[in-house]
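Undergrad: Protein chains in written order, with the numbering used here: chain E, 2 to 258; chain L, 511 to 745; chain F, 43 to 419; chain R, 124 to 465; chain W, 8 to 301.
One should not assume that every hint holds.
[Unchecked claim] Derived DSBU-like pairs: lysine-lysine, alpha-carbon spacing no greater than 35 angstroms straight-line:
1) R:K460 <-> L:K570
2) L:K636 <-> E:K238
3) F:K134 <-> F:K338
4) F:K258 <-> W:K70
5) W:K70 <-> F:K305
6) W:K70 <-> F:K313
7) F:K267 <-> F:K179
8) F:K264 <-> F:K395
[What the hints assert, rightly or not] Far from chain R, by Cβ distances over 10 angstroms, these chain W residues were calculated:
9) K70
10) V73
11) D105
12) I151
13) N154
14) T165
15) Y172
16) V264
17) N278
18) L296
Because the hints were derived from the structure by calculation, they are not lab data.
Yeah, the Cβ is synthetic: ideal placement off N, Cα and C, and Gly gets one too.
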Amino acid sequence: MSAETILETQGLTKEFKGFVAVNNVDLKVRRGDIHALIGPNGAGKTTFFNLLTKFLPPTRGTITYRGVDITHERPAQTARRGIVRSFQISAVFPHLTAMENVRAALQRNLGTSFHFWKPEKSLHHLHGRAMELLATVDLQDFADELTVNLPYGRKRALELATTMALEPDLMLLDEPTQGMGHEDVHRVTQLIKKVSEGRTILMVEHNMNVVSSIADRITVLQRGAVIADGPYAEVSKNPQVIEAYMGAADTELQGAH
Amino acid sequence: MSAQETLNISGLHAWYGESHVLHGVDMRVNEGEVVALLGRNGAGRTTTMRAIVGLTGARKGSIRIRGEEAIKLPPHRVAKLGVGYCPEERGIFASLSAEENLMLPPEIAQGGMSVAEIYDMFPNLKERAASPGTRLSGGEQQMLAVARILRTGARLLLLDEISEGLAPVIVQKLAETIRTLKAKGYTIVLVEQNFRFAAPLADRFYVMEHGRIVREFAQHELRENMGMLQEYLGV
Amino acid sequence: QTGPVRIGFITDMASLYADIDGPAGAEMVKWAVQDFGGKVLNRPVEVLTADHQNKADVAASKAREWIDSQNLSLLIGGTSSGTNLAMAGIAKEKKRPFISIGAGSARLTNEDCSPYTIHYAYDTVALAKVGGSALVKAGAKKWYFLTADYAFGHSLEADSSTVVKANGGTVVGAVRHPLNASDFSSFLLQAQGSKADILGLANAGGDFINAMKAAKEFGITKSMKVAGLLVFINDVHSIGVANAEGLQVADSWYWNQDDESRKFAARFFEKYKRMPSSLQAADYSATMNYLKAVQKVGTTDTDKVMAELRGMKYNDFYHKNGSVRADGRMIHDMYLYQVKGSKESTKPWDYYKLVAKVPGDQAFTTVAESKCSLLKK
Amino acid sequence: MSTPSTSSVAADLPVEAPNAAIAKHGGGVGRATGLVYLALLALALVAPLIGLYPVFVMKLLCFALFACAFNLLLGFTGLLSFGHAAFFGFAAYITGHTVKVMGWSPELGILAGVVVAALLGLAFGFVAIRRQGIYFAMITLALSQMVYFLCLQAPFTGGEDGLQGVLRGNLFGVIPLMDDTVMYYLVLAIFVACFLGIMRIVNSPFGQVLKMIRENEPRAVSLGYEVDRYKLLAFVLSASLAGLAGSLKTLVMKFATLTDVHWSMSGEVILMSLLGGVGTFFGPVLGAGIVIALQNMLADKVGEWVTVIIGAIFVLCVLAFRKGVVGELLAWRDRRKARAKA
Amino acid sequence: MEIFGIPHQAFLGQLMLGLVNGAFYAMLSLGLAVIFGLLDIVNFAHGALYMVGAFAAWIMLDKWGVNYWFALVLAPLIVGALGVVIERLFLKRLYGLDPLYGLLLTFGLALILEGAFRREYGVSGQSYQVPELLSGATNLGFMILPNYRAWVVVASITVCLATWYLIERTRLGAYLRAGTENAKLVQAFGVNVPLMVTLTYGAGAALAGLAGVLAAPVIQVTPLMGSNLIIVVFAVVVIGGMGSILGSVITGLGLGVVEGFTRVFYPEASNVVVFVIMAIVLMLRPAGLFGKEA
Ligand SMILES: Nc1ncnc2c1ncn2[C@@H]1O[C@H](COP(=O)(O)OP(=O)(O)OP(=O)(O)O)[C@@H](O)[C@H]1O
Ligand SMILES: Nc1ncnc2c1ncn2[C@@H]1O[C@H](COP(=O)(O)OP(=O)(O)OP(=O)(O)O)[C@@H](O)[C@H]1O
Ligand SMILES: [Mg+2]
Ligand SMILES: [Mg+2]
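From just these sequences and the hints, can you work out the full model?
TA: Right, here's the structure in full:
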């Protein structure tokens with residue numbers, strides 16, 4: 002496959018007071034993939050995400066995005082480049098309507114966000130696009146609902162819609178199905194699949210059903226370092242992965258979920 | 511199954527502020543039993559647990575713990591009756607180190623797990639003992655939240671989504687732990703999204719919907735109830 | 043003119059200066075009205091009082107409102123310069139007599155003078171002149187100032203320095219302390235290093251009290267004399283004679299100075315369980331004299347009453363040989379007192395002994411020094 | 124984000140923020156409200172004719188503007204500044220000084236006051252916006268104390284005597300402001316313009332971003348907004364308006380004194396907003412009216428109890444009346460609507 | 008010998024005096040930090056409680072002849088009890104709301120307390136004599152240090168260290184810290200949190216009261232003594248890092264010294280130096296010197 006690399010880290014390392022959480026990680030994410038990052042608890046997956054989105058400064062190493070070194074940029078800059086991350090919870094504006102939540106993201110590209118003298122009406126032309134985005138995640142009927150009142154799974158969907166409004170090229174999802182009921186897990190998995198068209202997704206997920214069903218590629222971290230990397234089928238048979246992640250070697254990677 | 515009832519809930523109503531969440535929950539748990547509470551997101555399972563401990567807003571009805579009425583008691587008095595609660599949101603304290611977090615809940619009774627046993631089960635915790643609690647990874651925090659109440663000697667454990675965010679390897683360990691605890695005679699109420707985790711462990715199942723118990727069945731009836739569960743939970 | 047004659051009294055009722063004037067001061071105005079018979083020109087006299095909370099805008103609004111809606115005949119200002127200057131502005135605009143009792147600032151009769159203002163009790167220039175000259179003459183040649191670092195302190199220090207130098211003394215240094223400094227030890231240590239004969243405290247109220255206490259504690263009072271440039275008897279009471287012994291104080295009146303004053307003070311003591319300050323005495327005196335003037339001219343018309351007030355001689359328990367100058371300055375005798383030792387002080391509030399009496403023409407700003415245009419005509 | 128998550132106490136409780144009301148009421152103006160505004164405006168226009176005391180109403184409008192400026196920050200940005208007296212009072216001095224001593228015309232004096240207040244706001248904001256909530260409150264309080272001491276010591280403020288006898292002069296060299304009625308309409312015009320301006324700010328694209336920041340700051344960051352800059356702009360806008368209020372006040376009352384910069388003035392403006400209703404447009408105006416009227420009344424009635432009464436109102440507001448008069452009214456209306464629907 | 012252009016004797020003298028003032032800052036900011044850290048309340052009433060402490064000592068001496076040493080124990084207890092009442096009556100109702108409400112409520116309480124004392128006792132203040140045992144001064148060679156001031160430093164540092172140990176190193180301390188974050192959960196573990204919170208506020212108030220008693224013989228006892236100080240103490244706490252117990256103590260002492268030296272080198276600035284330092288510290292370290300990054 003000759004797909005180009007959209008994101009690359011080299012020797013990326015994060016130490017906390019002598020404890021190495023991310024250790025010399027070289028990772029390549031190919032454009033258009035759904036790339037899953039898995040590994041035992043405390044392996045450094047979230048920390049790795051935090052490094053990519055600049056919530057933490059790396060101790061060493063570089064991050065290259067589309068050939069540009071973004072290692073030392075600020076979080077908002079990174080976001081504007083099209084790297085957007087979803088949060089685990091409450092990543093919505095609770096007292097805004099679903100529509101306004103999406104519009105919040107669309108508004109940014111308008112360049113009028115400091116214009117305190119313009120009326121709110123100047124934002125109304127964004128509503129069409131916002132509705133489109135809501136429709137992609139099945140939320141068109143909830144457009145005028147305050148977000149606090151949405152059920153959990155819908156909130157996640159809204160978050161995805163908002164994230165997509167930013168036209169991200171690369172979406173980082175940290176345990177997107179955590180805390181969801183089975184129905185929701187299924188819906189969100191399909192949603193991720195759907196929105197992955199035309200963009201790249203890097204996700205952390207413990208639910209192997211989800212990973213196996215949509216991931217193109219998997220990287221396994223253990224103690225901050227990469228122990229395996231490759232297509233799902235290949236990695237899932239790696240004894241080291243089974244031992245580190247699955248426990249008993251005879252268990253299937255389908256796992257406990 | 512001994513006839514001794516550890517927990518008996520009847521007609522339990524609970525509110526968060528103005529919103530009425532539980533509409534008359536009835537359930538009982540016998541001594542030494544593992545009971546799983548199933549339901550969709552928002553069905554009210556967490557609320558049931560919180561209501562038992564006294565963490566919801568207003569509540570009404572009856573909660574008897576080992577025969578003692580607890581509906582009027584403040585949370586710390588409920589805990590003293592031998593109840594250990596592991597909250598869904600984990601509740602790890604940022605200003606305490608991992609070890610301080612572990613040692614925090616006062617011992618309620620003899621017979622809890624020792625710190626050595628706990629570290630044996632969750633080596634991550636030992637390694638990160640001096641780290642501030644919330645600096646642990648998501649999964650590590652979950653381990654800590656569970657470990658914390660295993661120490662206290664509480665005999666009635668309310669465990670809310672304890673397999674959440676854990677690697678399969680740890681989930682297996684947790685399942686073993688629950689079996690061990692059951693063997694030791696602990697009484698356990700599990701709330702689980704992860705049906706496959708709960709299914710083999712529980713003696714009995716309750717299914718919740720809209721703040722009420724809608725079904726109850728035993729382990730041996732599991733197979734014949736799968737269809738119903740499919741409908742309620744999409745399993 | 044019919045209807046009641048209204049006298050308005052605006053002062054600080056509850057805050058920093060409430061003890062030296064405040065509600066008791068208001069009561070003195072009422073006493074004067076009562077003692078006058080409650081009526082003048084056959085019209086009843088009403089007293090309105092208000093708390094300006096040390097806010098100039100509150101004082102000004104109240105004054106304006108009273109003049110406009112209650113047809114106030116006389117406005118009396120209690121303590122604090124800022125509020126009094128604001129009231130003087132209103133009185134000038136509305137052309138009503140204004141008597142300022144407790145303001146310290148000499149601006150009222152200097153650059154901001156007005157034909158409608160009478161500055162009744164004292165001002166900082168007088169305090170400096172009285173305190174400074176007597177002390178230098180008594181041999182305190184080398185001065186060091188501990189000064190509150192704001193306009194009031196600065197002017198007190200500057201006025202005093204001028205007096206000290208004019209009388210042949212020298213000023214060897216000064217240290218500025220912030221307003222409401224709770225700790226003075228550091229400044230005092232610096233003062234002690236200066237080897238001056240006398241430490242002039244150019245501050246007031248709480249600052250003065252705390253400085254005085256610390257001076258005693260650090261043994262400063264043993265090596266140098268201390269002079270308070272603006273001290274009321276309530277301050278001395280607060281510090282206690284033990285701490286204030288030997289302190290030299292300038293004031294316009296002392297309750298124990300003669301029989302008339304003692305009589306007034308006894309009546310006050312009965313009600314308040316403390317002795318009146320010079321300001322409270324002045325409140326009474328000013329009201330009484332105003333009523334006399336109205337009686338005399340037979341009207342409350344501002345210009346006529348002002349003319350009478352300016353022409354009058356003031357002789358009562360509060361002051362002797364008083365007269366009002368064209369700039370509005372009440373010129374009367376001022377006194378320098380010394381705080382008695384604990385042994386000499388025989389009864390409560392028996393704190394002062396007289397050191398010197400300074401005639402009015404030497405105590406206040408002279409016509410030559412003044413910048414008031416009313417004096418130049 | 125699972126790791127550096129904040130395990131907050133309040134995670135499971137509905138946190139009632141001072142601005143909780145805004146979510147519902149921040150939006151446009153309904154018809155009924157519009158009518159109320161029109162009626163009030165009409166009343167204000169005829170006020171001098173029906174014998175309302177113009178200086179009192181002007182003073183009230185100045186403080187109402189001050190409270191609205193403050194509320195722009197607390198109510199619509201979620202930042203509690205405990206140092207707004209600094210902008211109000213410092214601008215008051217600047218206007219007083221430029222007009223009285225330097226002989227500037229009133230409009231230039233006001234402009235100078237506003238500009239200086241804006242710069243001061245920029246400086247305050249720069250230091251303070253890095254922290255949120257009560258930290259922010261304490262930092263602004265401390266900074267304003269610095270300004271207070273500066274004003275106390277600086278020669279041009281006249282120390283504790285204040286800057287007195289500022290003449291209003293002629294607006295644009297022709298309109299004589301000495302006449303209270305003329306001054307009144309000027310103040311009213313400025314107030315109305317600013318009130319509408321604040322409504323516009325709140326409902327502008329910029330206002331939308333402020334709303335997002337208030338609701339969920341990390342989310343706003345992750346959407347690519349540099350939140351600090353937005354907060355800073357909001358802070359500067361609020362400071363400028365507070366400065367405008369102070370400048371006007373100097374011209375109305377003809378003096379500027381230390382009270383204007385003292386921290387108790389910051390406390391007062393908080394009380395006004397709280398009493399009237401934080402996060403509502405009209406609340407601060409009403410609150411200012413109540414507080415000013417109360418002060419005026421208390422001045423000759425209760426004397427020494429003033430502080431105690433003001434303190435008690437604070438306590439009462441916080442305990443029983445958190446939404447303020449207007450806030451409670453709106454909430455009551457909403458409840459009725461909800462009941463009518465049900 | 009000279010240090011920074013002043014004789015080293017004077018230098019040591021000023022250092023000593025700085026420490027004395029720092030001791031008061033430390034004690035007050037300690038109480039404030041404890042209450043803030045554990046209850047998430049910025050206790051604006053802290054200055055007023057300090058004032059009440061001083062008044063309690065003065066009234067006891069004046070009315071009943073209770074001497075300093077008894078007052079040193081009794082006054083903090085009284086103020087602590089007042090704190091308990093305040094918490095039960097008012098603050099209790101604010102938990103779970105935005106912490107700003109706590110700030111505003113205690114602000115109101117401060118006004119009430121101050122106003123009431125002002126009405127009763129006026130503002131010019133009362134003086135409290137230094138106790139017999141500690142009167143007099145010791146010549147340290149470089150300065151004359153009043154014995155009482157030396158005692159203040161010793162007493163305050165002892166109290167601060169004890170408090171720090173209690174909170175950071177004991178089990179009770181762990182409950183308290185955890186309770187701040189998630190009181191309900193700690194209670195669900197079996198700890199009587201409401202009682203603990205009440206007592207904590209009481210203890211914080213008692214600390215303020217104790218500082219008040221210690222201060223009484225040094226400065227004039229007036230209703231305004233607290234409000235003059237409280238804002239500086241706020242700044243101390245912000246500089247130290249809010250919620251950091253040790254941080255507020257060290258910063259308190261340090262700022263006392265810095266302020267002392269400013270009085271010598273540039274007295275005009277001594278009122279604002281603390282705020283200037285605050286601004287600088289915040290620009291370099293937004294969380295304060297000892298605060299944990301949020
Ligand atoms: N800010 C921090 N300070 C100290 N240690 C940290 C910090 N953040 C993370 N760690 C440690 O680094 C390790 C990696 O954490 P990370 O959150 O990246 O794990 P993870 O792979 O996301 O695990 P999980 O699947 O449990 O969420 C953990 O052991 C954690 O305790
Ligand atoms: N703090 C709260 N305030 C108001 N409503 C709440 C609160 N917590 C939960 N609810 C509501 O109560 C209902 C029951 O929630 P609960 O958390 O008990 O559900 P659950 O069965 O545990 O589901 P989940 O899978 O989401 O944990 C839901 O509708 C939820 O929106
Ligand atoms: Mg993680
Ligand atoms: Mg739940």
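Undergrad: Is it correct that the beta-carbon of W:T165 has no partner in chain R closer than or equal to 10 angstroms?
TA: Holds: least Cβ distance 28 angstroms, greater than 10 angstroms.
Undergrad: At 10 angstroms, judged by beta carbons, does W:L296 keep clear of chain R as stated?
TA: holds, 14 angstroms
Undergrad: Please verify that the nearest CB of chain R lies beyond 10 angstroms from W:N278's CB.
TA: Not fine: 5 angstroms to the nearest Cβ puts W:N278 too close to chain R.
Undergrad: Holds or violated: F:K264 and F:K395, Cα atoms, limit 35 angstroms.
TA: holds, 21 angstroms
Undergrad: Would you check the hint for R:K460 and L:K570, treating anything up to 35 angstroms between C-alpha atoms as holding?
TA: holds, 29 angstroms
Undergrad: Does the claim that W:V73 lies off the interface hold, with its Cβ farther than 10 angstroms from every Cβ of chain R?
TA: holds, 27 angstroms
Undergrad: Is the Cα-Cα distance between F:K267 and F:K179 35 angstroms or less?
TA: holds, 14 angstroms
Undergrad: Taking only the CA atoms, is the gap from W:K70 to F:K305 under or equal to 35 angstroms?
TA: Measuring from Cα to Cα gives roughly 30 angstroms; hence the hint holds.
Undergrad: Run the distance test for F:K134 versus F:K338: straight-line Cα separation, threshold 35 angstroms.
TA: Given that 35 angstroms is the threshold and the Cα spacing comes to 23 angstroms, the pair holds.
Undergrad: Please verify whether L:K636 and E:K238 have alpha carbons no more than 35 angstroms apart.
TA: Holds, because 30 angstroms separates the two Cα atoms, which is no more than 35 angstroms.
Undergrad: Take a quick look at W:D105 and tell me if its Cβ sits farther than 10 angstroms from every Cβ on chain R, holds or violated.
TA: violated, 5 angstroms
Undergrad: For W:Y172, is the shortest CB-to-CB distance to chain R above 10 angstroms, so the non-interface label stands?
TA: The assertion about W:Y172 holds, with a minimum of 25 angstroms to chain R.
Comparing the model with each numbered hint stated earlier shows that hints 11 and 17 do not hold.
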